[in-house]
Structure formats: C-alpha cells, structure tokens
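Participant: What follows is each chain in one-letter form.
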Amino acid sequence: MSLASAGTDRLRGMRIDLKTAGPLVALILLCVLGYSLNPLFLAEGNVSNLLTRSAFIGIIAVGATFVITAGGIDLSVGSMAAFIAGMMIIVMNWAVESMGVSVGTVLLGIGCSLILGIGAGFINGFLTTKGKIEAFIVTLGTMGIYRSLITYFANGGTLSLDSDARQIYRPIYYDSLLGIPIPVWVFIVVALIGWVLMNRTAFGRYCMAIGSSEHVARYSAIKVDRVRTITYILQGLCVSLATIIYVPRLGSASSATGVLWELEAIAAVIIGGTVLKGGYGRIGGTVIGALILTAIGNILNLTEIISNYLNGAVQGVIIIAAVYLQRGSFRAGRKKTPAQ
Amino acid sequence: MSEATPDGAILSASRVSKSFGEIPVLFSIDFDVRPGEVHAIIGENGAGKSTLIKILSGFEQPTSGSIIYDGDRAVLPPNGEAEARGIVLIHQELNLAEHLSVTDSIFLGRELHRYGLLDLKTMRERARAILDRLDVRVDPDARISSLSVADKQMVEIAKAINRDARVLIMDEPTAVLSVAETKTLFEQIRRLTEQGVAIVFISHKLDEIMALANRVTVLRDGQLIATMNTSALTPDSIAQMMVGRELSNLYPPKKEPDVDAPVVLSVRGLSAPGISNVSFDLRGGEILGFAGLIGSGRTAVAEAVVGLVVPEEGEISLNGQPVAFSDVRESLAAGLAYMTKDRKGRGLLLNMGLEPNLTLATLPKHRRGGFLTASSEHQALERAVRRFDIRARDPSVGVGQLSGGNQQKLLLAKCMESDPDIVIMDEPTRGIDVGTKQQIYHIIAALAAEGKSVIVISSEMQEVIGLSHRVLVMREGRMAGLLEGAEINEAEIMRYAAGVKQGEVS
Ligand SMILES: Nc1ncnc2c1ncn2[C@@H]1O[C@H](COP(=O)(O)OP(=O)(O)OP(=O)(O)O)[C@@H](O)[C@H]1O
Ligand SMILES: [Mg+2]
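These protein sequence lines map, in sequence, to chains A and B.
Heads up: the first sequence at position 304 corresponds to 304 in my numbering, and the numbers run straight through without jumps.
With positions in the second sequence counted from 1, the corresponding number in my numbering is that position plus 340.
The hints are simulated quantities; they were obtained by calculation from the structure and are not laboratory data.
Keep in mind that this is a model prediction, so the values were computed, not measured.
Glycine is no exception: its CB is placed at the ideal position from the N, C-alpha and C atoms.
Misleading hints may appear alongside valid ones.
[As the list claims (entries may be wrong)] On the chain B side, residues computed to face chain A include the following (Cβ under 10 angstroms):
1. R506
2. R669
3. L690
4. L712
[As the list claims (entries may be wrong)] List of simulated lysine to any residue pairs, SDA-like, C-alpha gap at most 25 angstroms:
5. A:K223 / B:G693
6. B:K684 / B:V649
7. A:K277 / B:D729
8. B:K684 / B:R623
9. B:K777 / B:P597
10. A:K132 / B:R623
11. B:K595 / B:N435
12. A:K223 / B:V663
13. A:K277 / B:E433
14. B:K792 / B:R623
15. A:K223 / B:R731
16. B:K545 / B:V489
17. A:K277 / A:T151
18. A:K277 / B:N435
19. A:K130 / B:R623
[Said to hold, decoys possible] Okay, the calculated beta carbon distance ranges per label pair:
20. A:V323 / B:A838: 53 to 59 angstroms
21. A:V323 / B:K705: 35 to 41 angstroms
22. A:R170 / B:A664: 53 to 59 angstroms
23. A:I193 / B:F526: 56 to 62 angstroms
24. B:V650 / A:T201: 57 to 63 angstroms
Produce the complete structure using the sequences and hints provided.
Facilitator: Following this line, the structure appears as structure tokens:
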C-alpha cells in the first residue's frame with residue numbers, strides 16, 4: 001500500500017478543524033446572541049474587558065489541559081491562586097515596610113508567586129506519582145489546605161496591598177500594549193506556548209499517551225511519573241501567572257478569592273473538547289472554552305432577561321450541553337461511516 | 341453433508357458486503373454454518389474474517405446482503421439481541437470488565453436471582469463447575485485484572501459456554517492459549533458440537549484447523565476464495581489458497597551461530613516476583629528461544645531484565661558491564677528492546693493513529709531543536725509499513741480499528757524503531773497469518789545474521805524449534821533445562837516444560 005504523506009496530512013488537518021469547529025461555532029453564536037441582546041456587547045471597551053477577564057481562567061485552564069490530558073485532575077487551583085495572592089501581598093507589604101517601595105517590590109512579589117506556584121504544583125505531582133494517591137484526593141486535600149491558610153493569614157478578613165506598591169504594580173493589569181491589555185498578551189503567549197508544547201513536542205505526545213494508557217506509556221520508555229509531575233508543575237506555574245496579573249486588579253486577597261476557579265478551569269478545558277478521562281488534549285479548544293464561559297457572564301451582566309445571579313446556572317447548562325453535543329456528534333460520525 | 345449449500349444451515353450470510361466509510365472490506369460473501377459442525381474461517385491479516393463474524397453476530401451491519409438465522413431473514417442489532425437468541429461471539433480482543441470478579445464476568449447480564457437478590461452462592465458454584473470443566477485453575481472470586489491473558493481468554497470461553505449458545509463464534513480463541521489449554525478447549529468444542537451447537541472458528545494455526553474443522557472457508561482481501569471440506573485439504577493447500585502463492589520454507593535456514601561471539605547479555609541468579617534463580621547467556625548473533633507453558637515465568641524474566649519489574653536478586657550484565665535498569669527508557673537506551681505480548685493493554689494506544697504509536701518509544705529521534713518534525717515521523721511510518729507489510733486501508737484511523745494481525749505487525753515495527761542490538765520478543769507472531777509469519781521469521785533471522793541477538797519467547801513450539809539456536813525451557817518460574825542442537829525437538833521441550841525431566845541448572 002502507499003502512504004501518501006500529503007494525503008495523510010490533509011486528512012489530519014481537516015479532522016482537527018472539524019473537531020475544533022464545534023466550540024468555535026458555539027462561541028460565534030454566543031457573540032451573535034450577545035450583540036442582538038445588547039449591541040454594547042461588541043463595543044471595543046466591552047470586548048477588551050471580556051478578554052481581560054477571560055485571561056485568568058484561560059491561563060489556568062491551559063495548565064489544566066495538560067493535567068487532564070495526562071489523566072490527572074487538579075482541584076486545588078482556585079485555593080492555590082488565593083493562597084499565592086495572599087502570600088504575594090504579605091511579602092510585598094513586608095518589603096515596603098523594611099526597604100521602602102520600588103519596582104523591586106513588585107518583582108519580589110512576582111518571584112515569590114512563581115516559586116510558590118511551581119512548588120505547589122510539584123507537591124501535587126509528587127503526592128500523586130510517588131505517593132501513589134489519587135489526584136482527586138491529593139488536590140482535594142491541598143485545596144482545603146490553601147483555602148484555610150489564606151483565611152488564617154487574612155485573619156478571616158482581607159489582605160490589602162500597600163497603596164504605593166499597588167501604584168507601581170497597577171499597569172500590569174490596567175495597561176495595554178499595541179491596544180491589547182497586558183493580561184490578554186500574557187494569555188496569548190501562554191496559550192501559544194501551551195499549543196506548541198502539546199502538539200509539537202515529545203512532552204505533549206507523552207501526556208496524551210499516559211492519559212490513554214499508563215501501561216502502554218510505561219512499556220514505551222516514557223518516564224510516566226516525571227511527565228505527570230511536570231504537568232502539575234505547569235499547572236502551578238499557570239496559576240502563578242494568572243495570580244500575578246490578578247493581584248493588581250483589586251490589590252487584595254481574601255478567603256473569597258479564586259472560589260470555584262477550579263471548576264471554571266476544568267469546564268473550559270472540557271468545553272474545548274479535551275477528554276476528561278485523559279488521552280486527548282486541545283489547547284485551542286481550551287482557549288475558546290474560557291472565552292465562552294466569560295462571555296456568558298458578560299452577556300448576563302449586559303442584559304436584564306436573566307438575573308445575573310443565575311450566571312452559574314447558565315454556565316452549568318452550557319457545559320452539559322457542550323459535552324452532550326460533542327459526544328452526540330462523535331456517535332453520529334461513527335454511525336454514519338459504516339452506513340454509507 | 342458434503343456440498344456447501346445453505347440447506348440445514350442454522351446461520352448463514354447471503355451476498356454480504358461491507359464497507360467502512362468509503363473503504364470496502366467484504367465483497368458479496370456467502371457463508372453458512374450447520375448445527376453440530378465446526379466451520380473454520382481463515383485468511384490473511386485484514387482479509388475480513390473478524391468483520392464477517394461481527395456481521396454474523398450483529399455487532400456490525402452489512403452494507404448489503406442479508407443474514408438468515410433459523411430459516412428467517414434476520415436483522416441482528418448490536419445490543420446483544422443476537423446473544424439472547426443464541427448467537428454468542430467471543431471477540432478477538434478480550435472484552436472483559438477489568439474490575440469485575442471471574443464469577444461476575446461469567447454471569448454478566450444473566451445474573452441468577454433468588455428472592456429478588458443476587459444468588460451469589462449458586463453463581464459462584466456454577467462458575468467453579470464451568471472452570472473445572474475447562475481445567476482452568478483460577479479463583480471464581482479473583483479480579484479479571486489479576487489474571488493472565490490466557491486465563492482471561494478461558495474466562496471468556498467459560499462465559500460463552502454458560503450462555504447456552506446455539507451458534508458459538510470464536511475469533512482466534514487459541515492465539516493466547518498454550519497447547520494444553522488448546523486441547524481442553526477443543527474437547528469442550530467437540531462436546532458442544534455433539535449437542536448440536538454450530539461453531540464458527542477463526543485461527544491462523546493450520547494444524548488446529550485440520551484437527552477441528554469440518555469445513556473451511558478461505559477469505560482473501562475481502563473476497564470469498566472457497567468453502568471446502570477439510571478432508572479435501574492439506575495445510576499446504578490451505579496456506580496456498582490463503583496467500584495466493586506457494587509458501588515454501590516457513591523458517592529460514594539456521595545459520596550456525598558463532599561460538600566465539602561475545603556474550604552480550606548475561607543473567608545470573610535472577611529472582612523477581614514469579615521467577616527464581618534464572619541464569620543464562622546470550623551471544624551476539626544468537627537466537628535464544630524461551631519455551632514453557634503459559635505462566636511459567638518467561639515474561640517475568642523479560643520484564644525483570646528490561647527494568648519493568650525490580651529484580652529481588654541476581655545480576656544482569658550487558659556486554660560485560662553490570663546493569664540495573666529501573667525503567668524501559670534506560671534499557672532501550674542501552675540497546676535492549678522488549679516487545680510485549682499484550683498488544684492491546686501494554687503495547688499500543690488504541691485510540692491513536694499508526695504514526696504516534698510507531699514513534700512513541702523513540703520520539704527523541706524525531707526531534708529537531710526540541711520540536712517534533714512531522715516529516716521524519718511520516719518517513720518512519722512509510723519505512724515500517726514497507727518493511728513489515730502493515731496493511732491499513734486508511735492510515736489515519738485509530739490503531740484499535742486495524743485487524744489484529746496488523747496491530748501485531750505495528751507493534752513489532754515499534755519495537756524495532758529503536759534499532760536495538762538485543763531484542764526480546766514475547767509471542768512475536770500472535771495472531772499473524774502464515775504468510776506474514778514467514779516474513780517475520782526471516783526478519784528475525786536477518787537480525788541475527790547482522791550480529792544482533794534475539795530472545796524469542798513463544799508458546800508455539802514449532803516457532804521456537806524452527807528459529808532458535810538454543811532453547812531455554814522454563815517451568816513454574818524456574819529454569820527446567822537448556823537445549824542445544826539436536827536436542828531441540830518437541831518431545832524434549834515438552835518433557836522439561838511438564839516437569840518429567842529436570843535439567844542441570846547452573
Ligand atoms: N471499525 C472499522 N473502521 C474502519 N476499518 C475497519 C474497521 N474494522 C475493520 N476495519 C478494516 O477492515 C479490514 C478487515 O479487518 P478484519 O478485522 O476483519 O480482518 P481479519 O481478517 O480479522 O484480520 P486478522 O487476522 O488480522 O485479525 C482491515 O483492513 C481493517 O483495517
Ligand atoms: Mg481478526
């Protein structure tokens with residue numbers, strides 16, 4: 001037989017397009033709906049606001065795509081974000097007190113965030129791989145720990161960043177580069193790196209292999225534990241990046257920070273077409289998933305048809321519908337082929 | 341009873357064709373089976389055998405043509421209705437839920453009840469009885485996941501026997517069974533045919549076909565070549581019909597091994613779960629056969645050597661250097677490759693395409709500047725397809741949809757991708773047709789001729805005998821004997837494997 005490589009290539013390209021198309025179509029429909037309900041939806045200010053908001057969940061979800069693709073799950077990201085935010089503020093306030101305020105203060109905070117994120121990710125990864133505890137349990141545990149730590153450090157209230165330091169830090173959330181807000185830039189860069197990592201490196205292939213079958217991966221000379229741990233570290237790094245752009249927004253952190261982010265991140269990943277039980281990951285889909293989730297909240301804010309309090313309910317319906325449609329289309333596709 | 345007419349047939353297919361998407365795999369096939377007979381289907385890998393029996397049992401719908409069951413045109417839906425009506429299929433790939441117990445699996449979907457609750461006691465007893473009849477020594481309460489592949493297959497057979505089948509269809513049931521297990525299976529099949537059960541049987545082992553079948557249907561590339569009475573056939577004539585050419589010399593001539601060749605792999609006193617005190621040497625250019633019954637510890641030796649299992653005791657050295665591999669990456673880097681016998685559970689990612697499977701263990705080779713290069717992977721696949729004659733009508737489908745034999749060839753190709761100096765092949769020709777077997781034997785011989793060393797673990801005695809320079813026989817986790825030269829024959833191997841004879845073990 002002949003394997004026309006060009007043919008294979010084209011086939012594969014088309015398939016990915018078709019599969020990615022679902023969430024994309026949903027996003028476009030949502031935009032049309034938003035615009036018809038309130039033309040302000042597509043106003044420049046609102047679009048840039050929407051994109052900025054989606055950056056938090058989006059960046060975290062890119063990390064979650066790796067964890068889920070490799071067959072894991074991380075429930076701790078929301079609490080982790082709150083905890084890292086709190087620690088950043090404590091460290092920066094301490095630095096302001098002892099050394100006065102400067103750009104260095106903010107850099108110190110950022111460095112602290114990166115170290116904590118990577119460390120927290122490593123702990124999750126280490127406990128699931130070397131400790132052989134299920135990821136669900138490990139991250140349920142660390143989720144509780146971080147949430148309780150931030151409550152403790154904030155003494156049940158709110159930690160606020162020193163106002164001078166906040167003045168220096170502000171631009172990271174509020175400024176734009178070439179007309180695009182900085183958080184959106186970070187999101188774009190994270191997503192691009194994530195896409196390359198997933199689709200163009202051995203690491204991404206290993207994640208998919210491990211998620212499909214850990215046994216096969218082990219027999220195929222893949223260091224399963226190491227790859228798994230790296231996915232959690234990536235997740236921690238993504239949480240850290242999201243927190244770095246989140247802190248200057250409000251300049252504070254409390255036990256209410258980042259609540260339910262883990263669910264939104266996982267939802268974005270699943271809406272985007274990544275398979276929850278692992279083995280198949282799509283960064284592009286995740287980005288769209290994050291945009292869809294944010295757009296829903298935004299549309300509800302702009303219209304009065306449905307109460308804003310029902311945001312969660314609408315998101316829930318959309319998530320279930322998205323997954324149902326994906327599965328349905330999978331089935332239909334399969335049925336159709338033999339029937340021809 | 342001599343002519344092949346559907347008269348008296350219980351189940352028949354009339355002008356059945358099947359396409360998957362645009363790809364035709366069966367062309368207008370007529371097939372029938374009568375009560376009390378064994379009708380074998382043979383053909384090359386990908387000929388369409390599994391597809392035909394899936395149509396016969398309702399798991400696939402024919403694109404055109406019809407199925408006649410019990411004299412009536414039948415539409416058999418894939419929801420198990422066929423099974424309720426007495427057509428039971430044992431799939432080529434094992435189909436058991438890994439977390440259920442043996443009893444649960446045997447009674448799955450037909451649980452016995454008592455006062456509205458599950459009658460666990462009776463079910464366990466019946467399961468015990470069926471397993472005893474099949475001579476299977478597994479605990480009815482054991483989890484499926486803890487069983488060996490052969491035991492899983494026997495549980496599948498027990499499950500089918502428990503279904504009161506009128507037509508029992510078996511897709512390569514013996515591929516994972518040892519000689520003894522095959523024998524008990526055949527006894528059960530004969531018992532069933534005496535009761536009037538119709539049996540459809542697929543196998544690549546021609547001697548089995550000759551021993552068991554009343555009639556043989558040969559498929560080639562989705563076409564029906566012939567349906568004949570077995571008495572009119574010889575293994576050679578079947579093989580010829582199957583591949584469409586004459587098959588001479590299944591085994592390549594053995595090249596005398598070089599006695600002065602250096603020892604490349606040396607194992608001393610190796611103990612690990614399931615094995616104890618195994619020692620052997622492997623020389624450059626040598627083919628060392630591992631014979632023994634299923635479960636005799638051959639796989640455990642291989643897994644301990646390549647670092648999949650941590651040995652409890654013993655020394656392994658490679659080219660004179662002591663080594664202790666802790667995972668496959670290390671052994672692969674040292675030029676030692678292991679090909680698993682469990683292609684579905686350990687060997688291939690069934691949901692992925694051919695290319696990612698082929699290159700999975702050797703991805704670093706396809707990197708340039710840290711990124712994977714698609715063209716280099718394409719080329720690897722093209723090479724492998726040519727070298728191992730992998731037939732995928734649509735190379736972009738998931739590997740799970742390849743025919744069983746082609747999956748096996750892909751696995752072999754994957755194992756050879758790392759260009760190893762020492763290869764351990766565990767059941768290398770499981771589920772492979774005779775034509776391809778010949779090709780693979782020649783590949784193995786060619787490797788040895790190049791100076792590479794090969795360990796062939798096989799339950800097919802002929803294969804071990806036909807290929808190996810020396811044969812190590814294992815029994816219950818220990819070495820029973822090491823045979824050389826003229827000692828390598830079936831009787832001698834059996835004697836050691838069954839424990840009649842005990843060799844001097846260094
Ligand atoms: N679901 C499917 N989708 C697409 N192609 C399929 C599917 N199932 C089988 N095929 C193709 O149909 C052909 C016949 O496959 P089949 O499994 O019937 O072969 P077989 O004769 O059983 O071979 P083997 O001896 O290797 O088991 C193969 O080319 C296979 O790739
Ligand atoms: Mg088959």
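Participant: So which hints don't hold here, by number, going up?
Facilitator: Result: hints 1, 7, 8, 10, 11, 15, 17, 19 and 24 break, sorted rising.
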